[in-house]
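Asker: In case you want the letters, here they are:
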Amino acid sequence: MSGALLEVEGLTAGYGAAPVLHDVDLTVRPGEIVAVLGANGAGKTTLLRALSGLIKPSRGRVALSGNDLAGTRVEHLVRRGIAHVPEGRGVVTELTVDENLRLGGLWQRDRADARKALDEVYELFPPLAQRRSSAGHQLSGGERQMLALGRALVGRPRLLLLDEPSLGLAPKVTGQIMALLRDLRDRTGLAVLLVEQNVRSALSIADEGVVLSLGRVVTRDKAAALRDDTDLRHAYLGF
Amino acid sequence: MGQFIYLTFDGLSRGLVYAAFALALVLIWRAARIVNFAQGAMAVAAVYVAWSVTNATGSYWLGFVVALLTGLVLGVVVERVVMRFVDHSSPLNGVVVALGLVLVLQGTLGIVYGNEYQPVRTPFSRDAFEVGGVALLSRYDLFVFAAVGAVVVALTMLFTRTNVGLRMRAAAFAPDVSRLLGVSVGGMLTLGWALAAAVGSLAGMLVVPTELGVHPTAMDVVFVSAFTAAVVGGLDSPIGAVVGGLVVGLLLSYISGYVDVTVAPMAVLALLVVVLLGRPGGLFSSSKARVA
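Protein chains in written order, with numbering that gives the first Met the number 0: chain A, 0 to 238; chain B, 0 to 291.
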């Protein structure tokens, strides 16, 4: 598809012999938020891990701006503009807030720009600026989510793969994070592939939604249409 | 009182060597979760190479530099050629492979250099200065203090002040997350092994001349003391390794001086047992349980 940032075709992946994902097709355009929805075990996290290369797909094609990502090492993806914030937030709890954030920009050759990106993240998340020297394990759940998001943004990604950002957070904090994602998309053209169990929150900011069930795409549609489809919500999304 | 002061300085000097060796063990433990039982044999290999270079050129310092470089190369080779291919699903696998490496290295060194002790000279006198009739410490002790001190400062700066150090720590604590952030985790692991082996070689260069000389098994007893030091400090803690090294050095020195030199190795093992029973994570461990 022309103009697509991320194109996924026929992706099959899993752990060991049995695939978790079967023939998944997906497209994310620049500046678009696509929510990946589905019950526990539907394959949402596996999808993100396969996209970033943490597990090797057994079949299918993943391309970024038309360039095939097959054979790209995980540690080189960030240079291509993909940031993956894993489930459980991935904050390195033994490191300080500042060290975690610096880690997000270490791959950049332009040190001045990396420094600037770091300052921008501190402006975006004032609570982090107040806790620069605190170790990751001293942060609250919400602060850790801010840190993980902020660390991804330090690398100035074009595509954010975000796994369950609302997990374990109070509804108010979840709301703040969703609003921030929408704001980032509007301001910077960031594209987001958002894996969420909190379907209402995800659909409130997403442009499109993809529903996974047992590793297959059962529906993809505009977010508003998914919100209004009572049968689909009952069958796959549990509300 | 004079004897106490002498034994204290002697213990600190020995302890710093154990500290350096324990630091090498801690570096690899933090990076790879392996207790590198081959560290002693690797260090002896580096000392043998240095011994050859010094004998051929007459320069102790050229041999010294070559020993550190040999350590670096040996660390890279052991990680890239051997340890990278070990199945790390069980912590025992790495230990067994390391023990196998000890046999291979010691056997090879025995074939190449023979199984007799070869005297190794020190760059400075080991005669202790006397102040008011009390023997304190020698020029060589001062060299040990300076060398280990420089290593501790350099490693501290590396890990706390540089981007490479930040990458190494992140890769050790959270490999998958680090890869997603662009860190070459494999490269950091290799660097960790290289640095550890170089520090181990330094410890070998410092301690071998003070014992019977160089021999394929010359570091075996030192390894036991350094391993105890690392466990006393908590295998995860570089500061713990230094403190543990000093504790073991002082214990060995006092027991040798006041009780009997033959009892000293048993005292080290007793300390190991007491620490493992009373505080298995070590004195400086975090609250997290160790996995092995």
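For the record, the hints were derived by calculation from the structure and aren't laboratory data.
Take the hints with a grain of salt, since some may be wrong.
[Stated by the list, open to error] FRET-style restraints, in silico, Cβ to Cβ:
#	chain 1	residue 1	chain 2	residue 2	range
1	A	A16	B	G186	29 to 39 Å
2	B	H87	A	S139	31 to 41 Å
3	B	D219	A	D67	45 to 55 Å
4	A	A169	B	H87	53 to 63 Å
5	B	G186	A	S139	51 to 61 Å
6	B	G109	A	K115	53 to 63 Å
Ideal Cβ positions, reconstructed from N, Cα and C, are used throughout, including at glycine.
Asker: Against each hint, give a clear statement of whether it holds in the structure.
Answerer: Evaluation of the provided hints:
{"no.": "1", "hint": "A:A16 / B:G186: 29 to 39 Å", "in the structure": "holds, 31 Å"}
{"no.": "2", "hint": "B:H87 / A:S139: 31 to 41 Å", "in the structure": "holds, 33 Å"}
{"no.": "3", "hint": "B:D219 / A:D67: 45 to 55 Å", "in the structure": "holds, 54 Å"}
{"no.": "4", "hint": "A:A169 / B:H87: 53 to 63 Å", "in the structure": "violated, 39 Å"}
{"no.": "5", "hint": "B:G186 / A:S139: 51 to 61 Å", "in the structure": "violated, 34 Å"}
{"no.": "6", "hint": "B:G109 / A:K115: 53 to 63 Å", "in the structure": "holds, 59 Å"}
Of the numbered hints listed earlier, those contradicted by the structure are 4, 5.
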